[in-house]
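4 protein chains.
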Amino acid sequence: MAGSVTGEIFKISTWGESHGAGLGVVVDGCPAGIDLCEEDIQAYLNRRKPGETKYSTPRKEGDLVRIMSGVFEGKTTGTPISLVVENTSQRSKDYSEIANYYRPGHADYTFDSKYGFRDYRGGGRSSGRETIGRVAAGAIASRILKELGVEVLAYAKQIGPFQCSLQSFDRQAVEKSPLKMPDPEVSAKTEDYLAGKMQELDSVGGLVECIVTGMPAGVGEPVFGKLDACLASGIMSIGAVKGVEIGAGFSVVDKTGSENNDDFYMGADGKIKKRTNFAGGILGGISDGDDIVLRAAFKPTPSIFKEQETVNRQGQDIQIQIKGRHDPIIVPRAVVVVEAMTAITLVDRLLVGMTSQIDSLKKIYLG
Amino acid sequence: MAGSVTGEIFKISTWGESHGAGLGVVVDGCPAGIDLCEEDIQAYLNRRKPGETKYSTPRKEGDLVRIMSGVFEGKTTGTPISLVVENTSQRSKDYSEIANYYRPGHADYTFDSKYGFRDYRGGGRSSGRETIGRVAAGAIASRILKELGVEVLAYAKQIGPFQCSLQSFDRQAVEKSPLKMPDPEVSAKTEDYLAGKMQELDSVGGLVECIVTGMPAGVGEPVFGKLDACLASGIMSIGAVKGVEIGAGFSVVDKTGSENNDDFYMGADGKIKKRTNFAGGILGGISDGDDIVLRAAFKPTPSIFKEQETVNRQGQDIQIQIKGRHDPIIVPRAVVVVEAMTAITLVDRLLVGMTSQIDSLKKIYLG
Amino acid sequence: MAGSVTGEIFKISTWGESHGAGLGVVVDGCPAGIDLCEEDIQAYLNRRKPGETKYSTPRKEGDLVRIMSGVFEGKTTGTPISLVVENTSQRSKDYSEIANYYRPGHADYTFDSKYGFRDYRGGGRSSGRETIGRVAAGAIASRILKELGVEVLAYAKQIGPFQCSLQSFDRQAVEKSPLKMPDPEVSAKTEDYLAGKMQELDSVGGLVECIVTGMPAGVGEPVFGKLDACLASGIMSIGAVKGVEIGAGFSVVDKTGSENNDDFYMGADGKIKKRTNFAGGILGGISDGDDIVLRAAFKPTPSIFKEQETVNRQGQDIQIQIKGRHDPIIVPRAVVVVEAMTAITLVDRLLVGMTSQIDSLKKIYLG
Amino acid sequence: MAGSVTGEIFKISTWGESHGAGLGVVVDGCPAGIDLCEEDIQAYLNRRKPGETKYSTPRKEGDLVRIMSGVFEGKTTGTPISLVVENTSQRSKDYSEIANYYRPGHADYTFDSKYGFRDYRGGGRSSGRETIGRVAAGAIASRILKELGVEVLAYAKQIGPFQCSLQSFDRQAVEKSPLKMPDPEVSAKTEDYLAGKMQELDSVGGLVECIVTGMPAGVGEPVFGKLDACLASGIMSIGAVKGVEIGAGFSVVDKTGSENNDDFYMGADGKIKKRTNFAGGILGGISDGDDIVLRAAFKPTPSIFKEQETVNRQGQDIQIQIKGRHDPIIVPRAVVVVEAMTAITLVDRLLVGMTSQIDSLKKIYLG
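Those sequence lines, one after another, are chains F, D, A and L.
When we follow my numbering, the leftmost residue of the first sequence carries the number 7, and every step to the right adds one.
When we follow my numbering, the leftmost residue of the second sequence carries the number 7, and every step to the right adds one.
When we follow my numbering, the leftmost residue of the third sequence carries the number 7, and every step to the right adds one.
When we follow my numbering, the leftmost residue of the fourth sequence carries the number 7, and every step to the right adds one.
So here's chain F without its partners, still in its complex pose:
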């Protein structure tokens, strides 16, 4: 968990600023032998693309990815995979004003505190564009999970006061909503609500839920390397996330043990199952073979067009009105970022988890 590097075996290094030359990621530790092409990654990146609906900024970001290394004749070689997306349509003049003051809810002030100065153009490294590297790496992680029969699906469970639930593990139901809410009626109502907030020059928060199916039992390390601790780190590292919960999450606070414990039973398939899944698929930091369920709370976009009070670099109290292009809600575009961070984390833990038993070592090296 250094600045921009994460993972123990599946180690990713992301880089790039909103208005620099480009953004990208280097993925080290990807196993050899996986089919991978640029389209696999582009498909993921397109899911975070803005401009599809009125709730995201209309600019056309030509986020075209290039695989620079680590893939040969359509397969990963085991060496680092470098993915580069060049910035094409960034116009620096839009952002010149923010060079001199600290936007509320943004990282302008804390970057200055830490580094002494900052690349202020479009938020620099703290821009939402930073997630390009994560999503690109997530596309690779997702390909690895597919080989193991594991799938990750996230959706918008709540935006403002409007809630919905995923009725079945159905990616189409999520994708056809512009807000990634799999209930069409709720999605439509939320669109109206958002339209109202946009007219008020305001923004809205939301909740993303992520479900993982097919996860084998026994993955995750006790103590600090717990699967839920790693997921919490990965998800909380997404800008704008203020809370993470697993399974029953914060609702356990006023539950009793008899309500919250998941009883075990023998499944018809001879596998051990749980009658409920308040645990969210993780017990003692280790996967239990059930679906992994997590949720992330996203704060409302801090860039609002309403007048706000703040301080400039000269230390004067001032009033500001932010201009430019800003999504009134982060959640629909963040759904794929949550999937990406989940996939990246699971792959790293699956790789580390291979080493838990001496019999596994023998299986690999002695055949």
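FYI, nobody ran anything at the bench for these hints, they're computed from the structure.
Treat the numbers as computed from the prediction; the structure is a model and nothing was measured.
Each hint should be verified, as a subset may be incorrect.
Because identical chains cannot be distinguished in the list, a pair is counted as satisfied if it fits within a single copy or across any two copies.
Here are the simulated DSS-like pairs of lysine-lysine, each with C-alpha atoms no more than 25 Å apart in a straight line [as the list claims (entries may be wrong)]: (1) LYS369 with LYS277; (2) LYS329 with LYS279; (3) LYS369 with LYS152; (4) LYS329 with LYS261; (5) LYS195 with LYS261; (6) LYS261 with LYS312; (7) LYS368 with LYS195; (8) LYS312 with LYS279; (9) LYS312 with LYS182.
Start from chain F and add chains D, A and L according to the hints.
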């Protein structure tokens, strides 16, 4: 975030099982020159001691710590500090029954899935006694924070349906409640509630809030090493935690930007301040100089005396009744564990944060 | 020390294959505030460029570097610096033959053993072109060292049987020799020797010595993080290096303590000095303020044009004659790689070393 | 490679000072299911025990190891294994004089430079006793290697001017020499030589060679995680080592490619072999299935009884004569330390190496 090692510079390795020879921690990367003695650590360990009230198990755990290395003439030397607590009063026969089945809500099944077998005595490595190493390391981290004027205080904000708030940063108010609830009236009502649940052979969950004062602005790394991501990882790695939130946390979901943004202003002391602290002291993953506020949701103790259904190692559905000594609520003893993990995380980030500017390097090496 | 990531604070991720789309590096953890431009890096890369003399391959490698992130208005921002060099002149057809057999002295067989297959074009990831990422990162490390008054200089101390020594810390004397041997007479003789070996279709090994001046005392960690252990790792990780030594190195084997100990004395400048430097500037794994001296043994280029015996992928014994363009000696182009790995390692240790004393923490955070 | 923690998966944290309460190690990431008892570790520790011959210090170090965690019913559980050796016979008064001056060839001065002060008793953390933690962890690593058919054997190849070679992989031949020289005649001559140097109040350096048999091909990572780079780091981190070489090592400097390349051929057993082993079992940083061969140069014990010049903490030039008990040669006791660091490194790389191919992941998780 390997199994039992965490931290980049302040690197701790905890070890020990509930019923093994002992438990402890090695702290590598502690700066030299800090006053430290066994009493400093013992005082922390005593705060996680059970047996003070009827809500914790009556056994006397003689958890006496020894400093085995890294301290000379009362000061840390910069070399690894090894802390050992020998197990003295563990009786293995109490736990022999659980060798053969999987307790609901516990890690018995997942440890078997991961490792093929487990040290079943008292939960082995997944016992609450595992936190001894964390708390011992937390005592050292807390000493370092004190040198920098940083203080960490946690308390029980909610147990079952009963809530309270910390009115001022007052450790005494917390400590004098057996439940670590700083409101005496709420604490008393909660005691009655707990007594009822104990009679029902059940257990209860709760919420711990942790406040950090004096934290300098500019600490934490962008992207994966965000201060909140590191805290989320540290806190979620505590057994029984199912959710972590920072500042306004999950309540941001239905807030608007104008409600949730914290406006900046110039303080009378010439420092930049925020009018509110929905951010919880962290913006863009970097501390903003305000109090850091986080909350952790603890599930009810999974060991309940009510009859439960489960599966044994032979794959048969069975009914069990757990015996032995088990706290009906984890929260009061977990308060110091939350403080410890917070302190450990902050120290590591403070140490890493020293390297952010070339001017700091010059200050250290060129004087 | 994962595959292609190294460093604890100054963390670099290199990527790229000989004949892929490009090569490069992401440098995470570089302090903010350092002047840096593409010319700084290009100058280093040019030093590893072939084609300057008859002892290196004549192909023109247009290794032009682009800074993709992490630099704003001419200064490092503290966020990851991504450097990309696109491959322009690679012709895959030259290498198609080696797809099917294992060249002696090369990594073809071991890559196949590890990964199941390999990108065989030009040696793929095990090509000398892999060092582009190292050298680019080394240019940045070198800029940081300059701020602290530390300088790194390497040269060819021996090629085949011809030896020389660096008379003074004079980069010009090194650079004006095509073989990087600072003694013009020895350099000329060695050129003749090399010409002979080239006619014999053979190649030659050599020895690189590297000197570091201005290194402050007190840097390096005891035990595993010893400065010499980190340097040994960094240098041995350069392809073709078969040995590393510090100071008196292997010559200590038949020395006595009274011969090998460096006596201390008080320098006229009030600093503690050593009368000799058999230690090579490192005692107990920590810098002693004296020059750091290390040497690396490079094996002869394994690609020779003489007929050799080997095995093909079908498991048949065959005879081969390697074609294409290959330097008859690695050393002159490796000199800058040794400097780069030394600089990268020193910077990481300097950054980690900032955290050794509580007084340093106070100096940074309390002013 | 932090101070006292090393390894990516097989992660060890050593601790302890010469005259503190004890020394030890925590081994995290050891696979579950390996038979292990205290005798396995004690046997290794006994090999580094002094006092067996006149060439080592006569003090009786009762280095009795206790397994404090991570082993249950005779098998490793996969959780951290904590090993503790209490210091019993240390007498602090012997060393009080060195508190005030800097012994030539020792780390006294550099520890003071780094930390501001030091635990001067017996050299503190820079004492040879620091290797207790390494050797204890090496005993565990060695058990893991045994499960995979890998064996590590080191011996004294040279002491002063006297050299010998290992004729066969015969541990007995090494162990029966008090100097760990497997040629009885050379061993006897060297004993005489050492006796002379002791009379001259001097000490002697030497060379340790280490051979690994049974290593599978395909282990080690390209670029920074090369197997030889990791070994170089591990071996150079042993106090008193000034050089490390693999296979032909420094002798490659004046070799030609045709002399140094190892031709491949098909073995009668259907495995690919090399006709020679100048590579020392590693090509491109990855094991080639042949014996791994490395050598380490140990400097003469810096503690000599001859009069030496140095500086005291007050900055005065002084003359000193070191007293106490000091081995005139480090090598015989270092042999097991070299084996330990080699085994620790190999195990970590074997564990990381499990993750190289997607087919291995499938083998573990899909059966």
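Each hint, compared with the structure:
{"no.": "1", "hint": "LYS369 with LYS277", "result": "both (23 Å within a copy, 19 Å between copies)"}
{"no.": "2", "hint": "LYS329 with LYS279", "result": "between (53 Å within a copy, 24 Å between copies)"}
{"no.": "3", "hint": "LYS369 with LYS152", "result": "both (22 Å within a copy, 15 Å between copies)"}
{"no.": "4", "hint": "LYS329 with LYS261", "result": "between (46 Å within a copy, 21 Å between copies)"}
{"no.": "5", "hint": "LYS195 with LYS261", "result": "between (32 Å within a copy, 17 Å between copies)"}
{"no.": "6", "hint": "LYS261 with LYS312", "result": "between (41 Å within a copy, 15 Å between copies)"}
{"no.": "7", "hint": "LYS368 with LYS195", "result": "neither (57 Å within a copy, 45 Å between copies)"}
{"no.": "8", "hint": "LYS312 with LYS279", "result": "between (52 Å within a copy, 20 Å between copies)"}
{"no.": "9", "hint": "LYS312 with LYS182", "result": "neither (31 Å within a copy, 46 Å between copies)"}
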